[in-house]
Amino acid sequence: MSTMLRPGADDLKLIGFYLGKVLLGLGLVMLVPLAVAVATREWNAVSEFAIGASLCIIIGMVSDGMLATRRQLTWAHGMVIVALAWLIGAVFAAIPMYLSGRFSHPLAAMFEAMSALTTTGMSVIHDLDHTPIAEDFYRHLLQFAGGQGIVIVVLSLFASGGSRVASLYVSEARDERILPNFIRTARFIFLVAGTFLVAGTTALTLALLAAGFTPSRALYHGINLFFASFDTGGFSTMQASMLYYHSMAVEIVVMVLMIAGTFSFGLHFALWRDDPREVLRHLETRTLAITSTGFFIAVCYGLYRAGTYDSVEAMFRKGLFTLVSAVSSTGHQVNVGDTYLTDWGVLAPAAIVGAMAIGGMASSTAGGIKAIRVGIAFKTLVHDIMRVLRPDSALVVTTYHAGRRRILTDETSRAATTVLLLFIGSFLVGAIVGLLYGDHDITQTMFESVSVGSNIGLSIGVVNPDMPKVLMAVYIVQMWLGRLEFVAVFALVGYVLSLARRRSHA
Amino acid sequence: MAHEIRRTNRRSATRGMVYLVLIALSVLAVGALIATIMRVLVG
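Heads up: the protein sequence lines correspond to chains H and W, in order.
Following our numbering, the numbering of the first sequence begins with 1 at its first residue and continues without gaps.
Following our numbering, the numbering of the second sequence begins with 1001 at its first residue and continues without gaps.
In case anyone wonders, no lab produced these hints; they're calculated from the structure.
Please read all numbers here as calculations on a predicted model, not as lab measurements.
Just so it is clear, CB atoms sit at the ideal spot from N, CA and C, and this is done for glycine as well.
Misleading hints may appear alongside valid ones.
[To be verified] So these bits of chain H aren't anywhere near chain W, every CB distance computed over 12 Å: (1) Met61; (2) Asp343; (3) Ile407; (4) Asn464.
[Stated by the list, open to error] If the Cβ cut is set under 8 Å, some of the chain H residues that face chain W in the computed set are: (5) Ala249; (6) Ile252; (7) Met255; (8) Ala260; (9) Leu271; (10) Val312; (11) Met315.
Model the full structure from these sequences, guided by the hints.
Here you go:
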């Protein structure tokens, strides 16, 4: 019997122990904006981060001392820890935010923290343009921490070495120790992210200098923009998002970073091993290339017909940027929110919603259903049609390329389509709650719900600092579910249920 | 030995990044091409 169904005191201690480690990490992350606040002499921010960091670090150290146990970490524990880490992490990350006084209520600060940690990028902050440097830097840094964190989790926990990304449940290798895998994966991910950090920030700083920024401001905006783009987060330093910069060079560098961020780490790894052909053969790249091309043709057709833009340059800067922002699940805006409603016609925003729903690649910081699931769902459909057309005695085998040639199994198909359906369910629930609370129509609430559920961050205006609290809470859950792709959260629910059952039996 | 490995890693890091930037730029080029074709077809 696995520990999952019979949790004991040792299991709870183990989960608490690792959650303490997560909080300790979060506390250390908070020390960075604390140092920035000291350097920029923003004393209010200094006190916010000092309080937040010390709380996290104290809890982390106490749990380290009190909850140490001999029980070994299993996959089931890992899932529960991951689900709780993103929830508790968001609560603690919200503390300095709430203390800043820039949020209407604690739930809004938690929304912002969850939005950052899940790399969604929706914001409910008041007066973003005048936010102190340290507080703004902190929002962006959280995207980096949450973004790289989820990639490590997906690669080492959900995928058990990257081979079963598409599976809903990791059924084998349960009791295998996962830490060595974790550390090796983490090292590679931070190597890739570090390389891009240096190159991306340099490119952005140069582009911003060319746009007329002073060197210090160019560097500050460059670093924040890098975090928001490469981690497909989408926060921005200014309320106007990308419109603020009015620079084609900045937009192109950001697009390159967004595309790099949406690439799965499996493909990053293949490229580092000098195997660019893997990119062309991979089912996920092919799915993304085909769907994105289709969506871009639809966006162009819609916008040219609606007469929104009539030049190729405008189409490139507005249409392509928005599509890349949607597919990569970043959410940088080159339009004011209302524009999608007032100027974009019907077809173009619909194509953007479709692109947002699919999202980027699995095991990257991108959100959404993920191209691999869409690709597998399509292969399943073709497989089923072939089975109908061929004689009964014929053996139909469908294969696809993902790292190596794989045979499409029923288990893979079922897992992919289940998660696909769960995502669609999440989109619908969010859209309906949006209709119940607030005075928006179905187009607006659907756009926003897909954007939140897929961790994108493009907004049509439903999310704002004064939105209804119930809707805010639903969006927080949607962001959490979408980021963890349901699996870990279901494991947590199962765990809590089995705990409750054990209590009632005792 | 460790020095060798670090050097190889550095080299492959650069290579990986160059490939990715090239892929991303070609995506943008294809986008510009589609926008142009659509402009001719619809506009």
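For which of the previously enumerated hints does the structure constitute a violation, in increasing order of number?
5
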